[in-house]
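Undergrad: Produce the complete structure using the sequences and hints provided.
Residue numbers 772 to 947, in the numbering used here, belong to the letters of the sequence shown in order.
FYI, nobody ran anything at the bench for these hints, they're computed from the structure. None of these values were measured; they are calculated from a predicted model. Glycine included, each C-beta is placed from N, C-alpha and C at the ideal position. Certain hints may be false.
As the list claims (entries may be wrong) - Just the calculated beta-carbon pair ranges, DEER-fashion:
no., residue 1, residue 2, range
1, I900, K801, 31 to 39 Å
2, R789, K896, 22 to 30 Å
3, K901, L797, 29 to 37 Å
4, K801, K896, 18 to 26 Å
5, K901, E787, 38 to 46 Å
6, K801, Q912, 21 to 29 Å
7, R784, T875, 32 to 40 Å
8, N816, E915, 31 to 39 Å
9, M790, K925, 29 to 37 Å
10, I900, N829, 32 to 40 Å
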Amino acid sequence: MQRLTPKKYPYQRISEERMKTMQDILFNQKILTVYCDFSGNNKTNYLGIAACFVGNGNTFVKSTRIYGRNPKETAHGEILAVFFAVKTLPVILERYRVFLNKPTKIYIYSDYVQIENIQSIDFKKQEYIKVTSELIANLNQFRERFNWCDISIKYLGEEKNQNIYHKAAHRASRKA
772 MQRLTPKKYP
782 YQRISEERMK
792 TMQDILFNQK
802 ILTVYCDFSG
812 NNKTNYLGIA
822 ACFVGNGNTF
832 VKSTRIYGRN
842 PKETAHGEIL
852 AVFFAVKTLP
862 VILERYRVFL
872 NKPTKIYIYS
882 DYVQIENIQS
892 IDFKKQEYIK
902 VTSELIANLN
912 QFRERFNWCD
922 ISIKYLGEEK
932 NQNIYHKAAH
942 RASRKA
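TA: Here is the structure:
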């Protein structure tokens, strides 16, 4: 049977300009770029979190599943995804140092709007306070251990549209 109605989400072709930007991110030897995402499953009550590490011509995607969390808490899930990325960074830098030159900067991107102001947000829920303090503690430990590298967390914004690396993290979080 032939489909007569258009698809709900039609395939969008990535523009040449956007593809050039993606290649610049991929082959950048000084900056390691990390894209984080989370996906919640209401039926099974678990979160899938993932991070896509991009730099020096290599792409690594890591993901995990966390049980017993409320999948509707998107802010909590996004903070957990960034926490997972920061926690995984030393492993990526150590294990893959053959492939990666020492990056001078690491940018971690999330599609959570408040992620850049995470240290100044006054959360009311205890689980938010806990994961935020753990994230900040891990960031400080990372900065002490890898003092030759500047790390910052940024909001992805509209850049996530047609971003193949964010899509890789999103798909990995859904499959986790």
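Undergrad: If a hint holds in the structure, say so; if it does not, say that too.
TA: Structure-based check of each hint:
Look at I900 against K801: about 35 Å separates their beta carbons, and that is inside 31 to 39 Å. Checking the proposed 22 to 30 Å range against R789 and K896 shows it is violated: the Cβ atoms sit about 37 Å from each other. In this structure the supplied range 29 to 37 Å holds for K901 paired with L797, their Cβ-Cβ distance being about 35 Å. Judged by the Cβ atoms, the range 18 to 26 Å given for K801 and K896 is violated: they are separated by roughly 38 Å.
Checked against the given bound of 38 to 46 Å, the beta carbons of K901 and E787, roughly 45 Å apart, stay inside it. Taking the beta carbon of each, K801 and Q912 are about 23 Å apart, inside 21 to 29 Å as hinted. For R784 and T875, the hinted distance range of 32 to 40 Å is satisfied, since their beta carbons lie about 34 Å from each other. A C-beta distance of roughly 36 Å is found between N816 and E915, which places it inside the suggested range of 31 to 39 Å.
Against the hinted window of 29 to 37 Å, the Cβ-Cβ separation of M790 and K925 comes to about 21 Å, which falls outside the hint. Between I900 and N829 the CB atoms are about 36 Å apart, so this pair conforms to the stated range of 32 to 40 Å.
Checked against the numbered hints listed earlier, the structure breaks hints 2, 4, 9; every other hint is satisfied.
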